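Q: According to our numbering, the sequence shown is numbered sequentially starting from 26.
Read the hints as simulated data drawn from the structure, not as lab findings. Predicted, not measured: the structure shown is a model, and the values here were computed from it. Careful, some of the hints might be misleading.
Said to hold, decoys possible - Distance ranges between label pairs, derived from CB positions:
(1) A185 with V39: 26 to 34 angstroms
(2) T86 with K168: 18 to 26 angstroms
(3) F170 with P138: 24 to 32 angstroms
(4) P62 with S33: 46 to 54 angstroms
(5) V197 with V28: 31 to 39 angstroms
(6) E97 with Q146: 15 to 23 angstroms
Claimed, not checked - Dumping the calculated SDA-like pairs for lysine to any residue here, alpha-carbon to alpha-carbon at most 25 angstroms:
(7) K152 with S27
(8) K151 with N34
(9) K102 with F201
(10) K102 with K171
(11) K102 with K145
(12) K148 with H126
(13) K161 with P31
(14) K53 with P159
(15) K151 with K161
Backbone N, C-alpha and C define an ideal beta-carbon position, used for all residues, glycine too.
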Amino acid sequence: MSVIFPLSNYFIGVKDIVSDDYLSSRKKIEQLEKEYPTLGLHVSVEAVIVAHEHNHPLIFTPGGFLKIGEDEVEGLKRILNDLLAPVNETIEWEIGEVISHWWRPHFTMDMYPYPLPHIKQQKELKKVFLVGLPEKCTFSVPKAFKVAAVPMIDVYENRANFGAIISSIPHVLSRFQFVFA
26 MSVIFPLSNY
36 FIGVKDIVSD
46 DYLSSRKKIE
56 QLEKEYPTLG
66 LHVSVEAVIV
76 AHEHNHPLIF
86 TPGGFLKIGE
96 DEVEGLKRIL
106 NDLLAPVNET
116 IEWEIGEVIS
126 HWWRPHFTMD
136 MYPYPLPHIK
146 QQKELKKVFL
156 VGLPEKCTFS
166 VPKAFKVAAV
176 PMIDVYENRA
186 NFGAIISSIP
196 HVLSRFQFVF
206 A
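Please model the entire structure based on the sequences and the hints provided.
A: The following block contains the structure:
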């Protein structure tokens, strides 16, 4: 069982620091295409963070690329702290299990939940982790970023607005028994 805390337990502030590591999706693909001949398969990680409002689950999904040779869990913690922790602080993230794998066969937005068999060299592997939140904490988001906790009902089977990965999250999370605190 996983305990989900109310969204009202979390305060979201703003920080001035902005890293070039967290680019728009299109810029990430351009970067991936540029670096692929030298670095090969890129591994990225994404967190599925769940809170609730009036017992309706809300999700948000921050993530990014790992550094070469970086441990997946430590890399995800680094990325989450870079994106969400107040300046000069860290948040103790509860990194859970990998809930899905997604493969990018080409330098396009398309990703699949399995490696396409006719593609010899995949371009990216994205691992999606369930991440628990502390009961209360303060987040601090770079000015240029927008954080939105989206109701899971809005994401459910809504590939047109959220894409394949995010719209699959309600299905993947259905195997967990959540307790609303």
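Q: So, for every hint listed, does it hold in this structure?
A: Against the structure, the hints come out as follows:
Distance hint for A185 and V39: a CB-CB separation of about 31 angstroms, consistent with the stated range 26 to 34 angstroms. Range check, T86 to K168: about 20 angstroms between beta-carbon atoms, so the 18 to 26 angstroms window is met. Range check, F170 to P138: Cβ separation about 27 angstroms, and the 24 to 32 angstroms hint holds. Between P62 and S33 the C-beta distance comes to about 48 angstroms, which sits within the given range of 46 to 54 angstroms.
Judged by the Cβ atoms, the range 31 to 39 angstroms given for V197 and V28 is violated: they are separated by roughly 18 angstroms. Remark: the range hint 15 to 23 angstroms for E97 to Q146 is upheld by a beta-carbon distance near 21 angstroms. Pair hint K152 plus S27 holds up; C-alpha atoms about 20 angstroms apart against a cutoff of 25 angstroms. A C-alpha spacing of about 29 angstroms is found between K151 and N34, which places the hinted pair above 25 angstroms, so the restraint is violated.
Only pairs whose Cα atoms come within 25 angstroms are accepted, and K102 paired with F201 is accepted, the gap being roughly 22 angstroms. Taken as a hint, the K102 and K171 pair is honoured in the structure, with Cα atoms around 19 angstroms apart against an allowance of 25 angstroms. Restraint check for K102 and K145: the C-alpha separation of about 31 angstroms exceeds 25 angstroms, so the hint is violated. Proximity of K148 to H126 is assessed by CA-CA distance (about 13 angstroms); at most 25 angstroms being required, the pair is judged to hold.
Under the criterion of a C-alpha separation no larger than 25 angstroms, the hint pairing K161 with P31 is consistent with the structure, at around 9 angstroms. Straight-line distance between C-alpha atoms of K53 and P159 comes to about 30 angstroms, which puts the hinted pair past the 25 angstroms bound. Between K151 and K161, the direct Cα distance comes to roughly 28 angstroms. Violation of the 25 angstroms bound is thereby established for this hinted pair.
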